[in-house]
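Make a model of the complete structure from these sequences and hints.
Going line by line, the protein sequences match chains A and B. Add 5 to the 1-based position in the first sequence for my numbering, that's all there is to it. Add 5 to the 1-based position in the second sequence for my numbering, that's all there is to it.
Any given hint could be a false lead.
The list cannot tell twin chains apart, which means a pair is met if one copy fits it or any two copies do.
Straight-line C-alpha distance at most 16 Å; calculated EDC-like pairs for lysine to aspartate or glutamate [to be verified]: (1) K292 <-> D46; (2) K70 <-> D46; (3) K84 <-> E105.
Simulated from the structure, these hints should not be mistaken for lab results. Since the model is a prediction, treat every value here as computed from it, not as a measurement.
Number of protein chains: 2
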Amino acid sequence: MSKLVIVGTVAFDAIETPFGKTDKILGGAATFIGLAASQFDVDATIVSIVGGDFPQDYLNLLSDKNIDVSGIEFVKNGKTFFWSGKYHTDMNSRDTLTTELNVLADFNPIVPKFYRDAEIVMLGNLHPLTQISVLDQMDNTPKLVVLDTMNFWMDSAIEELHQVLKRVDVITINDDEARQLTGEFSLVVAARKIQDMGPKYVVIKKGEHGALLFHGEKVFFAPALPLEEVFDPTGAGDTFAGGFVGYIAKTEDTSFENLKNAVIYGSTLASFCVEKFGTERMQDLSKEELNTRLLQFKHLTQFEIELT
Amino acid sequence: MSKLVIVGTVAFDAIETPFGKTDKILGGAATFIGLAASQFDVDATIVSIVGGDFPQDYLNLLSDKNIDVSGIEFVKNGKTFFWSGKYHTDMNSRDTLTTELNVLADFNPIVPKFYRDAEIVMLGNLHPLTQISVLDQMDNTPKLVVLDTMNFWMDSAIEELHQVLKRVDVITINDDEARQLTGEFSLVVAARKIQDMGPKYVVIKKGEHGALLFHGEKVFFAPALPLEEVFDPTGAGDTFAGGFVGYIAKTEDTSFENLKNAVIYGSTLASFCVEKFGTERMQDLSKEELNTRLLQFKHLTQFEIELT
Numbered sequence: 006m007s008k009l010v011i012v013g014t015v016a017f018d019a020i021e022t023p024f025g026k027t028d029k030i031l032g033g034a035a036t037f038i039g040l041a042a043s044q045f046d047v048d049a050t051i052v053s054i055v056g057g058d059f060p061q062d063y064l065n066l067l068s069d070k071n072i073d074v075s076g077i078e079f080v081k082n083g084k085t086f087f088w089s090g091k092y093h094t095d096m097n098s099r100d101t102l103t104t105e106l107n108v109l110a111d112f113n114p115i116v117p118k119f120y121r122d123a124e125i126v127m128l129g130n131l132h133p134l135t136q137i138s139v140l141d142q143m144d145n146t147p148k149l150v151v152l153d154t155m156n157f158w159m160d161s162a163i164e165e166l167h168q169v170l171k172r173v174d175v176i177t178i179n180d181d182e183a184r185q186l187t188g189e190f191s192l193v194v195a196a197r198k199i200q201d202m203g204p205k206y207v208v209i210k211k212g213e214h215g216a217l218l219f220h221g222e223k224v225f226f227a228p229a230l231p232l233e234e235v236f237d238p239t240g241a242g243d244t245f246a247g248g249f250v251g252y253i254a255k256t257e258d259t260s261f262e263n264l265k266n267a268v269i270y271g272s273t274l275a276s277f278c279v280e281k282f283g284t285e286r287m288q289d290l291s292k293e294e295l296n297t298r299l300l301q302f303k304h305l306t307q308f309e310i311e312l313t
Numbered sequence: 006m007s008k009l010v011i012v013g014t015v016a017f018d019a020i021e022t023p024f025g026k027t028d029k030i031l032g033g034a035a036t037f038i039g040l041a042a043s044q045f046d047v048d049a050t051i052v053s054i055v056g057g058d059f060p061q062d063y064l065n066l067l068s069d070k071n072i073d074v075s076g077i078e079f080v081k082n083g084k085t086f087f088w089s090g091k092y093h094t095d096m097n098s099r100d101t102l103t104t105e106l107n108v109l110a111d112f113n114p115i116v117p118k119f120y121r122d123a124e125i126v127m128l129g130n131l132h133p134l135t136q137i138s139v140l141d142q143m144d145n146t147p148k149l150v151v152l153d154t155m156n157f158w159m160d161s162a163i164e165e166l167h168q169v170l171k172r173v174d175v176i177t178i179n180d181d182e183a184r185q186l187t188g189e190f191s192l193v194v195a196a197r198k199i200q201d202m203g204p205k206y207v208v209i210k211k212g213e214h215g216a217l218l219f220h221g222e223k224v225f226f227a228p229a230l231p232l233e234e235v236f237d238p239t240g241a242g243d244t245f246a247g248g249f250v251g252y253i254a255k256t257e258d259t260s261f262e263n264l265k266n267a268v269i270y271g272s273t274l275a276s277f278c279v280e281k282f283g284t285e286r287m288q289d290l291s292k293e294e295l296n297t298r299l300l301q302f303k304h305l306t307q308f309e310i311e312l313t
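Right under this line is the structure:
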């Protein structure tokens, strides 16, 4: 079992979908990543920041999953990062209604001492310099660094993004962002160009159309599970990443074959995340449910053909 | 080996893509279906109609693949159906520039006597009444009837479409059309509703995002092979259908497990079709190339996870 450092937002979200809307609920990339990774009983810490308005109950919720929260800075007089958004009918696109950085504006991540020798580091979507700061605090070069990012940093901090990319083993990125980062329409070509930027493994997330894992000339694909209803896509990408790193931390195996399995676990966990608002579905997810759905994934994708 | 009846257009296409453009070249749904099915050395006939302008060379090309062309009516004083279109940069959308029905306007399909006891019938995209006419000519109810259709018939002949759907075992349809036919956004729900209309197997084609096979509560997914470059998508859907029915005709097995394999073969063949203009790539495709790509498909999708 490898130690796992997760850096990212712990936040409030307010979400509106065609199915309903929420008040401020628990959200944030690191929250979703941590909850997904906790399915693998890993020794994980979350490095983040919250304000005085952040309920102890939410921290307890993470601690109860054996996630170390000592790396979550508590700014008594500050307010927690808040995002609100509204999804369109197709659930693939959304409008951001509010982004209040609040305490996140001055976030200076501190990795708890006990976790500075962690083998796996998950850099959730944040300013690339914040991500670099976490890597700089590690005692050694971690066995595997996984980075998530988004188009916002390509627009506003592309040089810093390239700096951190050089120190990353795996990037998870969505299809449009992969195209933006490389100027290539073909995802095959884009993935090759991104590997030249640093990460030797490139995971391209296509939302309801699944995810691709590229490594050299190898490629693996995991579909998203076809669902009757996507209730709330918020956090699905982070849940995917959390399942991905959680499985690797548990198995301590960074081979391509094992990363394929990690992609399947990530997709499986993401399929739960979207079934309810926010983190609700992930909070009470059982191992039995996870295993049942993994079997569905097998049936969805596995076939037996004898070549003729 | 089952006999296979293919009804559909044999046509001229003129295609423009970001990579270039063609003059009038060989096209048509039945042409693509036939070429794909011929990979399985099936005993197939094409039921169609062409004009006096249709080159004997094109008919020879089909005959050389052991496709019976006696069901292709030759109207000496007529002109062959002609379609021209231009693809947008993303290759997923296109504008139709020209549709000249010509001899197709009076198409009255005649199934050759030798093929009226065929076990497999592939109804390519045509007016639903034309599709029904083919079924009416069969000696017995075929073992498997596969239908392809499009939004045009939903707009212009929905009642006739529902008539033919009642007599069909498998429908292949794209995602937008499945949504239009059912009024459901979720493909899972749409597939269920389509099964209630007749076909017990529903194949939903998602272009570059792969294809789903639904049957009762079962679902199977085949991705499209990630390609460096899609050169010309024309005929990919028909090639998929041709590979699908060709494999079933060869194996004579209509179980869900075997239909999964048929979907994989359809996807594999479609991945070749898009590599060159029109039918060019399909004309000289070898069994070795097909097998090599099937292996790529296995590597793309197959994984080994032990449940924990």
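query = In ascending order, which of the hints set out earlier in this document are inconsistent with the structure?
reply = Those not satisfied: there are none.
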